[in-house]
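Position chain A against the provided structure of chain B, taking the given hints into account.
Number of protein chains: 2
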Amino acid sequence: MSRTLILDCNDKIGEEVTISGWVQVRRDHGKIGFLDVEDRTGIIQVFCTADKLGDIRVQDVVEITGKIAERPEKLINPNLETGKIELQSETVTVLSKAAELPFDMGMKTLDLQLPTLLDFRALTLRHSEVRNIFKIQSAILEGFRKVSKELDCVEIVVPEIAIGSTEGGAEVFKVDYYGHQATMTQSPQLYKQMLVPVFERVFTVAHAYRAEPSVTTRHLSVATQMDCEFGFVAFEELLDLFEKVGTETLKHVENECPKELKKFGFKPVAFGKIPRLTLREAQEIIFKEFGRDNRNEKDLNPQDEIDICKWALEKHGSDLVTITHFPTVKRAFYTMPDPENPEYSLSYDLLFRGLEILSGSQRINDYDQLVEAIKSRGMKPEEFELYLQAFKYGMPPEGGFSFGLERMTMNLLQLQNIRQASLFPRDMERVDIRLSTLKK
Amino acid sequence: MSRTLILDCNDKIGEEVTISGWVQVRRDHGKIGFLDVEDRTGIIQVFCTADKLGDIRVQDVVEITGKIAERPEKLINPNLETGKIELQSETVTVLSKAAELPFDMGMKTLDLQLPTLLDFRALTLRHSEVRNIFKIQSAILEGFRKVSKELDCVEIVVPEIAIGSTEGGAEVFKVDYYGHQATMTQSPQLYKQMLVPVFERVFTVAHAYRAEPSVTTRHLSVATQMDCEFGFVAFEELLDLFEKVGTETLKHVENECPKELKKFGFKPVAFGKIPRLTLREAQEIIFKEFGRDNRNEKDLNPQDEIDICKWALEKHGSDLVTITHFPTVKRAFYTMPDPENPEYSLSYDLLFRGLEILSGSQRINDYDQLVEAIKSRGMKPEEFELYLQAFKYGMPPEGGFSFGLERMTMNLLQLQNIRQASLFPRDMERVDIRLSTLKK
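Chains B and A, in that order, are what the protein sequence lines are.
Just so you know, we're using our numbering here: the first sequence kicks off at -11 and counts up by one.
Just so you know, we're using our numbering here: the second sequence kicks off at -11 and counts up by one.
Here chain B stands alone, though its shape is the one from the complex (with noise of 0.2 Å):
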C-alpha cells in the first residue's frame, strides 16, 4: 500500500491508510496506548492495542497501516494540525530500530547544554524547535535568491581556495595545496567584484572562512555569506537597493515560514520607511535622545545599535535603519572613501531590531587609487594580480554588500549563540567532534 503523507490524512477519514515516520511520543495506557508519529508533514496520533505497541520507542522509524478515524469533539487537539483526526492502528512495523536515547528528545523544548546539543547534533537537530531553525535558514537563503534575480544578478560560484590575497585584518586558514601553501577565502568579495564586468550584476552564497581564534557567542570559523554586487551604480542608489534586498529577503521568510517564526515568539517586522543616518548623525541622535556621548567613537556599540532602532521604531515606524560614512580606517581597503571628505567612506550597514544584518559599501573602482589603498593596508599588489586586472581593463562605478547567514538567522530568531544557527558549527573547539578529544 502507497504511504499517505501524515498531512493528507485530514482528507481520507473513514479510509485505510499507510504512513510512515519517526515516533516522536509514546504514551501507555494499560491494554493500550499511544504513538505520536511525525513525517515531513506533521504529526498524527496513533492508537494501538499495547500488543502493537511491543518496544517501541521515540525514534523509531515506523510504517504504520490502519484506519483514519474522526475523533469525539472533546478529544481535539486545537494546537496539532491533524487534531480532528488519529489512526487506529492495524499494522505496525519498525522499519529502523533507534538504540536508547540519551536524553529525552519528546519535551516541546530540549533543555540541553550547547556542548550536548552539539555532540548529539545528528540527533538534536531532529527536534521541531531546532529544526525550525533551519527551515527558516533555508527560507532566507530562497529569500535572498529571489530578490537577487528579480534585481537582474547573475548567481555565480566562486572559489573559496585562493593563493596570496587575502583581505587583510582576520586570520586565514591553510591549506597544503599540491605543495603550495593556499588560504581558504575570507569571502566571496574579490571574486564577486571581478564579475561586475562580466554580468554588471552578481549574487552568491559562499563560505566564509575567518581563522581568529575566538570563542565567542557570536564568531563562528565558517560563516555563510550572501553577497550582491551591482555596477554603474552610485551611492543613493546602493541604498536603495541594499535597502530593497534586506526588506525582501524578510518579507519572504515571513510569508513562507510563519508558524515556524510564531514559535519563536517573533513579531511582524515593522515596515516603515527606513530612515537614513551617517555615523555622526546616528551618535547625535544617541546623545540628543539617550545621554549617552559617543560622537566621537568610530563606530556605534551593541547599545548604541539597540538604541538607535528603538528610535527608529518609535519615530519612522521601522525595524531598519541605515548607517552610511563610516570612518575609512575601519573598513576594508576596496572601500570608496567620501569624495568630499575621505575621512569617512560610502560604506553602510542595516541594523535590524538593534543588530547589524547586512553590510557594504560603494568600492574604489580605479586602478590606480586601488593599487593605492592595497599598499596604504602595508598589503602587496602583486599578491592581488588578477583581482587587479578586472580593474585594469575597465570597471564601472560599483558597489555591492553581504549578509551573514547565520548571524540573520540568529538575529531574526534572538538565538543564544551563533552556533544554535548553524547545522554543523566549526569553530576552534569542534569539527562535528570535540577536538580535545583527538591528539594532535
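There's no promise every hint is true.
In this list, chains with the same sequence are indistinguishable; a pair is considered to hold if it fits within one copy or across any two.
[What the hints assert, rightly or not] Pairs of lysine-lysine residues, derived as BS3-like cross-links and limited to a Cα-Cα distance of at most 25 Å, are as follows:
#, residue 1, residue 2
1, Lys368, Lys85
2, Lys40, Lys261
3, Lys137, Lys239
4, Lys134, Lys232
5, Lys137, Lys250
6, Lys380, Lys96
7, Lys380, Lys123
Just so you know, the hints here were simulated from the structure itself, not pulled from any lab data.
Chain A alone, transformed into the frame defined by chain B:
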C-alpha cells in the same frame, strides 16, 4: 539624466537617452565612426563624430547621451536585438579607461589557448561566448533548486571542513585547523544523509574537493556538486525522482537560455520515456547492436556510453538513459548492495548524449550493516562518529544522487575542457595564477 538600459532603447525612438556600458567594437570611417556598446541587456550601435571618439578603445567603460534614431531599412541588422535603431551620440564620457588589450576581444569567437584564456580570466570572461557558458550554468543551478523545492526538499548548508571521515578513494586536501589536521570534504554526501531524519528530503549545492594529481581535460580539483537525498523511498521511486530532477533541470535550462544554447549549436533535448537498463542489460545491447563484447566489464567505457545513448535515442526517442546495478565494489561504501544479488548494487547513473550527468544510489540505512561496510573498505568506524549517530537513532530507507555542475555544463555545451566550465578553475597547475610562478 538617469540610465536607460540598452534593450529598452528599442522603445525610445526619437527620445534622448543616456546609456552606459563597455565598448565592444570601434569602427572608424574618417570623420565619423561607430561604437558597439554593451550592457547587461544587449548591444547598441552608437554613431559618433570623430571628435567624440578620441582615444576610446575596446573595454573602456562609457556613458553616452544622445538621441535614438531608426536605421534606414537597408542598414537594419537582423542579428542584433537593437538592430533597427542606433544611438546618435551627443556626449561621450569615459567612466573607466581600459589598458591596451593583450589580444583582440572584438571577434565573435575568442580563439585563445587555454592557458591564455585562464591567465587573463578577469578579461576573457567578459567575452560573450565565455560569459554565455556561465549564464547557462546559473540556469542549471536555478533549475536544480526549482525541481528540488517542488519535490519538498529543504535546502541545507553543509560544512566543507571535516576531521577524519573521508569517503575513501580520492585523495584529500589538508587544512591546518587551529593546529589540528582537518580535510576539505570530497562531497556533501555524509552530511546530506545525516539530515534525512531531520527533513526527510534535502538538497544542497556544495564544493567537492578532490586532490588527485590529475591534469586531464575532465578533472577539476574543486568541483561544484548539486545533491539531493530522500527518505522513505524504495529503489524504483528513487529512479523516478532522479530522472525527474535530471529532466526538469534540463527543461529549465532550455526555457531560460534558448538564445545562449543556440550559440553553442545545442539541439532540443529528446524527452522520450527514459529507458532503464541494468549495467549487464546495457552491455548485452552493446554486444548485440554494436558488436563489442564488454559483458564482463565492471563499468561502461566512454564508447559504450555513446553507443547506449545512440540506441536510446533511436529506440525510445530519449536523449537520456538510466543505467542501474553497477558492481558493489565499484561504488562508495554507503551504497546498498542488491539484496537479491549483493555483487551488484542499487546504484544508478543517468547518461545524456553519451556522457554521465547524474549518479546515485539507494544507501545502506541499517547501522550494523553500515559499520561492516566501512570496515570492509579498510576504514575506521570511529572516524565516522557523527555520521553513524544518524543511523544509530533511526534511519528510514533512503537514497539520493548528485550532479557535477561543471561537468554538466561541459557536457551540455560540448566544451573541450572542463576548465572552460568553471569561472575560476582550480587544478594542479593553477589557482588563478600559475603555481609554477610561485616559490614553493
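Hint by hint, here is what the structure shows:
no.	hint	in the structure
1	Lys368 with Lys85	between (59 Å within a copy, 23 Å between copies)
2	Lys40 with Lys261	neither (60 Å within a copy, 43 Å between copies)
3	Lys137 with Lys239	both (16 Å within a copy, 19 Å between copies)
4	Lys134 with Lys232	both (12 Å within a copy, 23 Å between copies)
5	Lys137 with Lys250	between (28 Å within a copy, 23 Å between copies)
6	Lys380 with Lys96	between (59 Å within a copy, 23 Å between copies)
7	Lys380 with Lys123	between (43 Å within a copy, 24 Å between copies)
This entry does not satisfy hint 2, going by the numbered hints stated previously; all others are met.
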